[in-house]
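Listed here are the chains, written in short residue letters.
4 protein chains.
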Amino acid sequence: MDSRIPVAVLAATGSVGQRFVQLLDGHPWFEVVGLTGSDRAVGQPYGKACRWILADPMPDWAAEMVVLPTLPGDVEARLAFSALPADIARQVEPSFAQAGLGVFSNASAHRAEEDVPLLLPEVNPDHAALVEKQRQKRGWTGCIVTNPNCTSTGLTVALKPLQQAFGVKRAFVVSLQALSGAGYPGVASLDIIDNVIPYVRDEEAKVEWEPRKMLGSLENGSVRLADVIFSAHTNRVAVSDGHLVVASLEFEHRPDLEQVASALRAYTAPPVSCDLPSAPRPVLVLRDEPDRPQPRLDRMTGKGMTTVVGRLRPDPLFDVKMAVLSHNTIRGAAGGSIYNAELLVRMGLVG
Amino acid sequence: MDSRIPVAVLAATGSVGQRFVQLLDGHPWFEVVGLTGSDRAVGQPYGKACRWILADPMPDWAAEMVVLPTLPGDVEARLAFSALPADIARQVEPSFAQAGLGVFSNASAHRAEEDVPLLLPEVNPDHAALVEKQRQKRGWTGCIVTNPNCTSTGLTVALKPLQQAFGVKRAFVVSLQALSGAGYPGVASLDIIDNVIPYVRDEEAKVEWEPRKMLGSLENGSVRLADVIFSAHTNRVAVSDGHLVVASLEFEHRPDLEQVASALRAYTAPPVSCDLPSAPRPVLVLRDEPDRPQPRLDRMTGKGMTTVVGRLRPDPLFDVKMAVLSHNTIRGAAGGSIYNAELLVRMGLVG
Amino acid sequence: MDSRIPVAVLAATGSVGQRFVQLLDGHPWFEVVGLTGSDRAVGQPYGKACRWILADPMPDWAAEMVVLPTLPGDVEARLAFSALPADIARQVEPSFAQAGLGVFSNASAHRAEEDVPLLLPEVNPDHAALVEKQRQKRGWTGCIVTNPNCTSTGLTVALKPLQQAFGVKRAFVVSLQALSGAGYPGVASLDIIDNVIPYVRDEEAKVEWEPRKMLGSLENGSVRLADVIFSAHTNRVAVSDGHLVVASLEFEHRPDLEQVASALRAYTAPPVSCDLPSAPRPVLVLRDEPDRPQPRLDRMTGKGMTTVVGRLRPDPLFDVKMAVLSHNTIRGAAGGSIYNAELLVRMGLVG
Amino acid sequence: MDSRIPVAVLAATGSVGQRFVQLLDGHPWFEVVGLTGSDRAVGQPYGKACRWILADPMPDWAAEMVVLPTLPGDVEARLAFSALPADIARQVEPSFAQAGLGVFSNASAHRAEEDVPLLLPEVNPDHAALVEKQRQKRGWTGCIVTNPNCTSTGLTVALKPLQQAFGVKRAFVVSLQALSGAGYPGVASLDIIDNVIPYVRDEEAKVEWEPRKMLGSLENGSVRLADVIFSAHTNRVAVSDGHLVVASLEFEHRPDLEQVASALRAYTAPPVSCDLPSAPRPVLVLRDEPDRPQPRLDRMTGKGMTTVVGRLRPDPLFDVKMAVLSHNTIRGAAGGSIYNAELLVRMGLVG
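Sequences listed follow chains A, B, C and D, in order. So the first sequence is numbered by our numbering: it starts at 1 and just counts up by one. So the second sequence is numbered by our numbering: it starts at 1 and just counts up by one. So the third sequence is numbered by our numbering: it starts at 1 and just counts up by one. So the fourth sequence is numbered by our numbering: it starts at 1 and just counts up by one.
Don't read these hints as lab results, they were simulated from the structure. The model shown is predicted, which means the values in this text are computed figures rather than measured ones. Any given hint could turn out to be false.
For chains that are exact copies, the list does not tell them apart, and a pair is met inside one copy or across any two.
[What the hints assert, rightly or not] Using 30 Å as the maximum straight-line C-alpha spacing, the simulated DSS-like pairs for lysine-lysine come out as follows: (1) 137 to 48; (2) 48 to 303; (3) 169 to 206; (4) 48 to 133; (5) 206 to 133.
Could you build the full structure based on these sequences and the hints that come with them?
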């Protein structure tokens, strides 16, 4: 145990922060030594300050930890997992990187920056190399590594093998997103009972851009965006966890359905990321039933890290229709950040 | 009252049948004289045979009516509103037309037949003329008139003014459909709680074809399908009533958003159908809020007959994104059939 | 129209405030001349300041009204309907009464005060006389009149005829309460999806006490609490509107089920309150089906003002089991306050 | 593995049958050798015949098993777990007992019979001795052992320590029951969206009687019913799994809340049942938060076998109010039957 890397969770009381605490419980490489929260929470035991909304009980070690302010000087850790809101992340995460910590951020604040990796270890682990450029440019010894928006995540994992095999040109994507994506308290119950909301603030722009960076290639130390055009409609539905995305895809080299299925089934994570502690096992599942994936039945596939694809069928306008499911607070948020941290430890870039 | 046209409701005990009974209560032109049901229900008072699932109470006159078998000889009516399932409708509806009744059918069985109108009075009232061809060809004095699938309905109403003004070339459409669309008992509660189902049986083919017939032109007594290509993904969500469709549209003559909004706002039903008892008032509402239309808040607009459009915004792949809401058992089913019957009465084709 | 009484709605932007605006639209006796809101809303048009969550659209006259501060000097009205939270109501409502307004309050702040009527016009209209004592004691010309908590409301209406006929001694009551009872945003969707919450803050004490005041008798200008002992468990469920209460009742004079049914069916409001504009028509409905009342099907009975009882059956411990449904934001909140105001106008006590 | 006892699941395709399959996967003592189903399913692989509705995937061994008819001659097992509906169980279970199998039944058919144990191993393991009387009387070598209704289960576990310590005299209990209790397809989604149903067929009589048998004492080979009077109201709510019961209790020897809490906290299963493979660990959890237990957060406590109590507070009519949660298809159905079988194996009565 002594040899585990000390880590902190920033904004640990919110819905993503709680997932970090849950997923880091018993982690073989990381040991949580600090939990930070807002002014209201600072100084209280986490067990009191946090309204725990997960079904698994809060770990005892967490309940007893006293909540710290979100300041680098107060946190004795080498890595920080950030569940901060974007506006605060923009200010605070650089100060942690400046203080030498590897920051693994779930916030959107820095995703678009040229020298910040937007990373899915099973998709683009090579992009982790951007942290060296980042250190040079910013003059810090820590780093900021981001994971994508929860809706971009599953979509990008599902597109990766298809892009490799056939080249993706255009994609229509429509999301049916879970409530936990909006945090806690998030969506009011009166807004979603017997209802859907055809709007998720700021989401469509992210879904139309983030996959292009992750599917892009690293050339001369920079990411060249993939030449894919996305059109996204994002919607909120009465589901607790699990974002479903339906997609119509057009390819450079039009495959038949059999070839698409084979490419999805054959995909594995690169050697550097395939056996990390949080690696999805398997990366992708392709289901044959006409009515799957479904959030309630499929979101916990591979402990919530696996991307589940289904409903593969021809598209009258483009080439292929399909549905993609990904757990939005595990693979699409806390689990993704932790997987990223494992990758950078493996690569010797942090730790 | 004496002068009202006697009508029957076929399969009156189901969810669409109940809507027929509700919407025909106090109708100025039609008087319900017969309610038919399955063998199990025949001979019982409707109030006993029917598990009423609507919030408004069952009309007293209906509760006391004895359920009849679904046979032309048993029903003394001039018009029949059909909520029959497709497979039974295929057999039974022709026998009613043969017996001289105007059949206004919510079933999919005959929608694709060349001499059967697929009708939305605010969209294609001229297609009603097909019934004359139908009578010649089939040698009956009644007729079969169909209304489209509940998901096609709102979509087609919203597309009509845009097709007129700009020509619609291609449309991606994704539905989030209400539970009542599956009838009663329909979807099991365990299948939809904390869940969505990315599949509605047989639905996508209907949504990709039906709007083409309704947006088509009547040439030499036949409908020429509109040259629009549709790609549809249909999904079931935890909503009681109200189908939401999000759409990305490509036009012949690319309009700006302002022009699209103007075309939607300016649209009115043709003179022949605009002031019928069930005519939507107005046909279309365009909402400006970023998060509307929503099923719970907007489905009853215009007593459930109005189509509500919103979220008009540019599309990175095609031209325009939007969201469309339509009440699936009122405008999209029973109310639509009744509106159709009113049109044919007005045109002197039945009654 | 000129002769209508000018009224204001205090805290008009919340969920109960919106119901006031909706129910006062087109009211025959009252004309809304002022809508008040929090500092954030003051000065904005109501249509902008208010996130309208009702399915019927916001009335146009309301949308254009500029939101006022909640101060007597700013509101030119003779009556004020209060949707204020209890802590603010405690401070602010007396200032309106001092300024000469009749305040009809949905807040709990003053319900327990000896000289403040806790009023259901179909139950205890005679308690309205307390306002004269109130005026003497407090030296003001206005008054404060309260309506009970939304859970107490339906329960008390259902108990009234039984208390009259048989004397109620003890009552076990368990509520399944709707989300709108918690206001907006109120209950977080993540707290209620696939869940119930066996707790509604401060609710049980109200339900155990308020019916005793309303069922009590006015003696020498004071209310003598009814000798009924209540035990209440209050729970939150995933229902938008409509509080269901199941109850086991013990009587002084044990009736059989037939007698209980007769007493419920025969009950009418006293002459002074039975034909007021908002009077429930009828006061009570007793349903025979084994599975009614249900919130979604029965809450709008009598435009949401009727109390619906059902599931009458013997109780192994006490005498009778039953279930009671009441619309919590109509009969149990805004509609109740308006009905109270109508009563006091009719009695010449305000106006 | 060879030494595991061969067992069958009767009616394995339904919702409780699936739980049996899931919970028996990897069981240390039992090996599933047969799955039976209805005529429609017989002869098909279980993976095809069964619409699996659990989130954990169907075990591979089960998917490949061919579904058998529910006849003793077709099933090569020593024990049978029955998820049969009551009317079929009444006919079929005796034939399995006659054939020498130990039948562990979740059906209500035989619960009330004098020589059939109604068993919760953490409550009344001594009642298992009734099987000897049963064998004598019925002349068979197998046996029928029942577990209680899912609502009675948690309630009885929570009452056991209180009855031991203080004597329970009277209990008011109101359930908020999950959808899975009604089987699959069970409750129609249109009946429960935005709704509760104050009725569960035949349930109240079970809840008012079954705990009396389990809390009763074995005297001269017969169970003497406990002298507790129950009054139950049973309701269906929009929850997937987990029955919540709120209860008001009156005791022989009135304890204070502290004593009630201590009795609940101190309770452990008897030595014979406390360390069986399916024993709840712990039997009871008492939570201190004002708003727990909640189905979504607490149902999986102790792998779904633990009973969770909370909201302990004084009752104005009786002595104590509390809330009890139990997983209805694990502790309250399949898990309970399996725990019973383990007990009888341990006692040498079957196996």
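Here is what the structure says about each hint:
Taking the shortest alpha-carbon separations for residue 137 and residue 48, neither the intra-copy value of 41 Å nor the inter-copy value of 46 Å comes in at or below 30 Å. Taking CA atoms no more than 30 Å apart as the test, residue 48 paired with residue 303 passes in both settings, with 28 Å inside one copy and 25 Å between copies. In the homo-oligomer, the alpha carbons of residue 169 and residue 206 lie at most 30 Å apart both inside one protomer (18 Å) and across protomers (27 Å), since each shortest distance falls under that limit. For the identical chains of this complex, residue 48 and residue 133 are neighbours neither inside a copy (41 Å) nor across copies (48 Å), given an alpha-carbon limit of 30 Å.
For a Cα distance limit of 30 Å, the shortest separation of residue 206 from residue 133 inside one copy, 24 Å, qualifies, whereas the shortest one across copies, 53 Å, does not.
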